[in-house]
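Given chain U's structure and the hints, the job is docking chain A onto it.
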Amino acid sequence: MSARISLDELDHKIIERLGHDARVSNREIGREFDLTEGTIRSRLKRLLDNRVIRVAAVTNANRLRNPILAYLWVEADSAADIEKVAESLASLPEIGFVATTLGRADVLAMTLVENGNELTDFLHQTIDKIPGVRRVRYSLGQNFIKHDYRWCALVD
Amino acid sequence: MTSTRHRTGCWFSWGEVALRTATKAGKRTRGKAANANQGDGLPTLDDVDEQIIAALRKNGRIANRDIAREMGLNEATVRTRLRRLEDASMVRVVAMRDLSAMGFGYLAPVGVQVKGRSAGDVGAEIAELERVITVNVAIGTHDLEIQVVAETLEEMQHLLTGVIAKIDGVERLFPSLALKVFKYNPEWAPL
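In the order they appear, the protein sequences are chains U and A. Note that our numbering numbers the first sequence so that position 81 is 64, with each residue one more than the last. Note that our numbering numbers the second sequence so that position 63 is 387, with each residue one more than the last.
The following block holds chain U by itself, in its conformation from the complex (with noise of 0.2 angstroms):
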């Protein structure tokens, strides 16, 4: 994962300040925090430059009709099967989220589909194909209650 790097205020504040629009030029936020442009340039891209933000866009998931976030519980074949088995799913770009587990299954990935029928297909046209996937169940997020997706990981 990333490579840990301190953080100060300055840093925070910038990280939150593009966590609302990341569009706002270098000089704009030094003018709003009383710095530097160069001071705010400098600051930037050392939090790119190690991970510890990215910035990108997100598109409105209500384009989607009824987006449904698909939560797929994985149990693989075998213990030695788990990494493999996360690698390919992390593979797939319908897949946003995966992690190996502890507790309710061996592998979470999650994704978004629009209806039951889509998410049939997914699973099993391309899911149960994975080698090393025993097993998927499955719970689906029907409204969004919260989805803070100003969180990411920053994976190789």
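Calculated directly from the structure, the hints in this document are not laboratory data. Because the structure is a prediction, the values reported are computed rather than measured. No false leads were slipped in.
With a straight-line Cα cutoff of 25 angstroms, these simulated PhoX-like cross-link-like pairs (lysine-lysine) come out:
| hint | chain 1 | residue 1 | chain 2 | residue 2 |
| --- | --- | --- | --- | --- |
| 1 | A | K504 | U | K112 |
| 2 | A | K382 | U | K28 |
| 3 | A | K490 | U | K129 |
| 4 | A | K504 | U | K67 |
| 5 | A | K504 | U | K129 |
Frame of chain U, contents of chain A only:
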């Protein structure tokens, strides 16, 4: 609208997969696209919009000027388009924070069983907690699916058994703990 999309309209699909939308004509209508209404309250996107979004998915800090150059447009067009997309809540360009770099070493996806109160109400109360980053009303074994982050295992323990468990209507928790996160790329979100 549905037929053109299939699952490519998935939440996070990463990389070059552009927004799946009804780009039927795909014409380059300057500055207009994000205004046309599709009938379900959200504007339609055309090729130009999608290309702008694709560029910003790769690098959210890229200058309008550079997007314009890559696409053979002028900067003002890009600026106008982007502003329309943002104003219509189609797109937001934000800084996403890496959980572990921000000190959150623990991520727990937790199922919640609710009793004596609606899942929505309980979920809304759980959602107020800063350390809870997602709350979904779920269909399946549990009534809610939530994700909790913590800096230490002690903090996680406190959040689960000391805070969330004590919220009115929370009957049982079914926690799991992420060992290693292989991927976490939010690309689609309710904006």
